[in-house]
Amino acid sequence: MTADPNLDSGLPIRLLHDRVLVRMEGSDGERRSSAGIVIPATAAVGKRLAWATAVGVGPNVRSIVFGDRVLFDPDDRSEVELHGRGYVLLRERDVHAVAAERVEENVTGLYL
1 MTADPNLDSG
11 LPIRLLHDRV
21 LVRMEGSDGE
31 RRSSAGIVIP
41 ATAAVGKRLA
51 WATAVGVGPN
61 VRSIVFGDRV
71 LFDPDDRSEV
81 ELHGRGYVLL
91 RERDVHAVAA
101 ERVEENVTGL
111 YL
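Under this note's numbering, the residues of the sequence shown are numbered 1 to 112, in order.
Please keep in mind that the hints were generated in silico from the structure rather than gathered at the bench. Every value quoted in this text rests on a predicted model; they were computed, and no experiment measured them. Don't take each hint at face value.
[As the list claims (entries may be wrong)] Restraint-style ranges between C-beta atoms, simulated for each label pair:
(1) His17 <-> Gly86: 18 to 26 Å
(2) Arg93 <-> Glu25: 33 to 41 Å
(3) His17 <-> Ile37: 38 to 46 Å
(4) Arg62 <-> Ala35: 33 to 41 Å
(5) Arg14 <-> Ile37: 18 to 26 Å
In this text, a Cβ means the ideal position worked out from N, Cα and C, and glycines have one as well.
Could you build all of it, start to finish, from the sequences and the hints given here?
Next comes the structure, spelled out in structure tokens:
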């Protein structure tokens, strides 16, 4: 039997059912474009999905493991604070994608 990854992360929580606990990447403040332009937090943008890192998964979660980067809608979230740090609690079905590993060098990708 493997160790519980939720305990390995040092968090005092055991997730139930299909829940995923994630830590947001970056801040909700200003962002930078790929060209280095600063975009203020007050700038209006369309519906934007957010990336986060899975720091805990429930026993019924099948597609996400501890440490995965996940893409989700930040408008559909429940926030929780543990050890003075903010986290987001999601259901597995609310996660839109899991980041894939990078393609190896000198290997072409698939074209659809």
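Going down the list of hints, with the structure as the test:
1. At about 22 Å, the CB distance of His17 to Gly86 agrees with the hint of 18 to 26 Å.
2. Separation of Arg93 from Glu25 is about 21 Å and departs from the stated range, judged on CB atoms against 33 to 41 Å.
3. Between His17 and Ile37 the beta carbon distance is about 42 Å. The supplied range of 38 to 46 Å therefore holds.
4. The given range of 33 to 41 Å is respected by Arg62 and Ala35, whose C-beta atoms sit roughly 39 Å from each other.
5. At about 43 Å, the CB distance of Arg14 to Ile37 disagrees with the hint of 18 to 26 Å.
Checked against the numbered hints listed earlier, the structure breaks hints 2, 5; every other hint is satisfied.
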